[in-house]
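Could you put the whole structure together from the sequences, leaning on the hints where they help?
The chain contents come next:
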Amino acid sequence: SQQGEEDPQALSIQEGENATMNCSYKTSINNLQWYRQNSGRGLVHLILIRSNEREKHSGRLRVTLDTSKKSSSLLITASRAADTASYFCATEEFGNEKLTFGTGTRLTIIP
Amino acid sequence: DAGVTQSPTHLIKTRGQQVTLRCSPKSGHDTVSWYQQALGQGPQFIFQYYEEEERQRGNFPDRFSGHQFPNYSSELNVNALLLGDSALYLCASSSIQHYNSPLHFGNGTRLTVT
Numbered sequence: 001s002q003q004g005e006e007d008p009q010a011l012s013i014q015e016g017e018n019a020t021m022n023c024s025y026k027t028s029i030n031n032l033q034w035y036r037q038n039s040g041r042g043l044v045h046l047i048l049i050r051s052n053e054r055e056k057h058s059g060r061l062r063v064t065l066d067t068s069k070k071s072s073s074l075l076i077t078a079s080r081a082a083d084t085a086s087y088f089c090a091t092e093e094f095g096n097e098k099l100t101f102g103t104g105t106r107l108t109i110i111p
Numbered sequence: 112d113a114g115v116t117q118s119p120t121h122l123i124k125t126r127g128q129q130v131t132l133r134c135s136p137k138s139g140h141d142t143v144s145w146y147q148q149a150l151g152q153g154p155q156f157i158f159q160y161y162e163e164e165e166r167q168r169g170n171f172p173d174r175f176s177g178h179q180f181p182n183y184s185s186e187l188n189v190n191a192l193l194l195g196d197s198a199l200y201l202c203a204s205s206s207i208q209h210y211n212s213p214l215h216f217g218n219g220t221r222l223t224v225t
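Going down the list, the protein sequences come from chains X and R.
Here the numbering used here is used: the first residue of the first sequence is 1, the next is one more, and so on.
Here the numbering used here is used: the first residue of the second sequence is 112, the next is one more, and so on.
Hints listed in this document are in silico derivations from the structure and should not be mistaken for laboratory results.
Here a beta-carbon is modelled for each residue, glycine too, at the ideal position from N, C-alpha and C.
Take these hints with a grain of salt, some might be off.
[Claimed, not checked] The calculated label-pair distances, taken between Cβ atoms and stated as ranges, are:
hint, chain 1, residue 1, chain 2, residue 2, range
1, X, N38, R, L122, 30 to 36 Å
2, R, S118, X, H45, 18 to 24 Å
3, X, K56, R, Q167, 34 to 40 Å
4, X, G16, R, E164, 36 to 42 Å
5, X, E53, R, L150, 29 to 35 Å
6, R, D173, X, G59, 31 to 37 Å
7, R, T131, X, R54, 40 to 46 Å
8, X, S28, R, E165, 23 to 29 Å
9, R, F180, X, T20, 42 to 48 Å
[What the hints assert, rightly or not] Straight line, CA to CA, 30 Å or less: simulated DSS-like cross-link-like pairs of lysine-lysine:
hint, chain 1, residue 1, chain 2, residue 2
10, X, K98, R, K124
11, X, K70, X, K56
12, X, K56, X, K69
13, X, K26, X, K56
14, X, K56, R, K137
15, R, K137, X, K98
[What the hints assert, rightly or not] Stretches of chain R that chain X covers, calculated by requiring three or more beta carbons in the stretch to come under 8 Å of a beta carbon on chain X:
hint, stretch
16, 152-161
17, 213-225
Have a look at this one:
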């Protein structure tokens, strides 16, 4: 079963704008990860945030984690056409190495 | 440095048949996990292999089985295929020594059951 939901399910923005997508989950976690998937191909890891971290940056990506609300957000700044993809959050529980994925946000960048 | 490789890329099978999917992990990785991704859904964990043994298993029936070889490569076998088994099957590798590290995914095998 899916761990939680991503919001929105789909998002279309103009190139250069910022994109924000949210993820909610249900259980206590060890870490939360964001992955990108292009056209039904393999997943590419973007960023991992541990449960004791609140914010993390990687290039144009910014991830926040609120464990009290069991939620995370991914911000992509200055979007590019190449950012068009599906984005998934995935949680890893303590002592359980499997990842539980959300339902994904489909991001479309309009040139 | 090769990443995770999966074969075949596409496969069409008939209901009731059996299928074997293959995965070679990223160099230096010793743990292989398999995920099933139905169309429009997020991946769902099938099982994980380490030291040639199944360490964890998701909510999948016994029709789904696997194997890991001494060179860390892995196979996923599905027996008595159902239409609902049509999905993208993803293999991911990691190193048991690297806690809190992300998974490296292959490009998947697209299985269509008719």
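Hint check:
1. N38/X <-> L122/R: 30 to 36 Å: Since N38/X and L122/R have Cβ atoms about 21 Å apart, the given range 30 to 36 Å is violated.
2. S118/R <-> H45/X: 18 to 24 Å: At roughly 22 Å between Cβ atoms, H45/X and S118/R fall inside 18 to 24 Å, so the hint holds.
3. K56/X <-> Q167/R: 34 to 40 Å: Since K56/X and Q167/R have Cβ atoms about 27 Å apart, the given range 34 to 40 Å is violated.
4. G16/X <-> E164/R: 36 to 42 Å: violated (50 Å)
5. E53/X <-> L150/R: 29 to 35 Å: holds (33 Å)
6. D173/R <-> G59/X: 31 to 37 Å: Given a distance of about 44 Å, which is not inside 31 to 37 Å, the answer is violated.
7. T131/R <-> R54/X: 40 to 46 Å: holds (45 Å)
8. S28/X <-> E165/R: 23 to 29 Å: holds (25 Å)
9. F180/R <-> T20/X: 42 to 48 Å: holds (43 Å)
10. K98/X <-> K124/R: Roughly 28 Å between the alpha carbons, so the hint for K98/X and K124/R holds.
11. K70/X <-> K56/X: Distance of about 16 Å is within 30 Å: holds.
12. K56/X <-> K69/X: holds (17 Å)
13. K26/X <-> K56/X: Judged against 30 Å, a Cα distance of about 21 Å means the pair holds.
14. K56/X <-> K137/R: Distance ~26 Å between K56/X and K137/R Cα, so the pair holds.
15. K137/R <-> K98/X: holds (18 Å)
16. 152-161: Held - the stretch 152-161 of chain R has 6 residues with a Cβ nearer than 8 Å to chain X, which meets the minimum of three.
17. 213-225: It holds, with 8 qualifying residues against the three required.
In this structure, the earlier hints numbered 1, 3, 4 and 6 are contradicted, and the remaining ones agree with it.
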